Amino acid sequence: GAGVSQSPSNKVTEKGKDVELRCDPISGHTALYWYRQSLGQGLEFLIYFQGNSAPDKSGLPSDRFSAERTGGSVSTLTIQRTQQEDSAVYLCASSLGGGQGATSYGYTFGSGTRLTVV
Amino acid sequence: DQQVKQNSPSLSVQEGRISILNCDYTNSMFDYFLWYKKYPAEGPTFLISISSIKDKNEDGRFTVFLNKSAKHLSLHIVPSQPGDSAVYFCAASDSGGSNYKLTFGKGTLLTVNP
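Protein sequences appear in the order of chains V and X. Using this note's numbering, the first residue of the first sequence is number 1, and each one after it goes up by one. Using this note's numbering, the first residue of the second sequence is number 1, and each one after it goes up by one.
What the hints contain is simulated information worked out from the structure, not anything from laboratory work. Treat the hints with caution; some may be incorrect.
[Claimed, not checked] DSSO-like cross-link-like pairs, simulated, lysine-lysine; straight-line CA separation at most 27 Å:
{"id": "1", "chain 1": "X", "residue 1": "106", "chain 2": "V", "residue 2": "11"}
{"id": "2", "chain 1": "V", "residue 1": "57", "chain 2": "X", "residue 2": "101"}
{"id": "3", "chain 1": "V", "residue 1": "57", "chain 2": "X", "residue 2": "54"}
{"id": "4", "chain 1": "V", "residue 1": "57", "chain 2": "X", "residue 2": "106"}
{"id": "5", "chain 1": "X", "residue 1": "71", "chain 2": "X", "residue 2": "54"}
{"id": "6", "chain 1": "V", "residue 1": "11", "chain 2": "V", "residue 2": "57"}
{"id": "7", "chain 1": "V", "residue 1": "17", "chain 2": "V", "residue 2": "57"}
Here the structure is a predicted model, which is why all the values come from computation and not from measurement.
Chain V on its own, in the form it takes in the complex (with noise of 0.2 Å):
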């Protein structure tokens, strides 16, 4: 695609329950990030995926949150049971290549997924 796609763009649900975020990367890119920005607050790296590599899940706040990375492309991250604490807004971003490369011409975020927890 011409961008980064992010579904739903907004989404509210009730504590307790799990929520499935989705991050469609641009075509031929291979390293995916997740990233979240609380309010008031900078955005916080959540996880990385590069190619077959193993994924970098170090940003994920506890063992509620998980990512997959099917076919390479597509990205979906799970949070089981939110809490209000997990509200935020969840960016995803990809860059055609992972490393110093990335981080050096920037990545191309989406335009996220605002999560609230009610």
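Got chain V sorted already, so can you dock chain X onto it with the hints?
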């Protein structure tokens, strides 16, 4: 522990004047710095970057200055235009570590008044 700090939540300038956005960092391992611009309901877009081997990088109306000894960088926009009104994020990476990972500041909301 905030490793990238943007201490001004907001900045307002007149069209045609200079906008200066500031950023400080604490992690001495950071050696690559980027600025992103974000409009409401959109994802951040990459604006300009600088490596720690340089102290200045210019791209059109945008210039980033890096002062390594002070662990400080700034983004200058000259002349400022109303379309520059957005949130600006400073970000940093460590090329010797997880070099794909960016650490972001909280952002500065720039408003350029016509």
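Against the structure, the hints:
For the hint linking residue 106(X) to residue 11(V), the alpha-carbon distance of about 23 Å falls within 27 Å, and the restraint holds. Straight-line distance between C-alpha atoms of residue 57(V) and residue 101(X) comes to about 11 Å, which keeps the hinted pair within the 27 Å bound. Simply put, residue 57(V) and residue 54(X) have alpha-carbon atoms about 32 Å apart, too far for the 27 Å limit, and the pair is violated. The straight-line distance between the Cα atoms of residue 57(V) and residue 106(X) is roughly 22 Å, inside the 27 Å bound, and the hint therefore holds.
Our distance criterion of 27 Å between C-alpha atoms is met by residue 71(X) and residue 54(X), whose separation comes to about 13 Å. The straight-line distance between the Cα atoms of residue 11(V) and residue 57(V) is roughly 23 Å, inside the 27 Å bound, and the hint therefore holds. A distance of roughly 22 Å separates the Cα atoms of residue 17(V) and residue 57(V); the hinted pair therefore holds under the 27 Å criterion.
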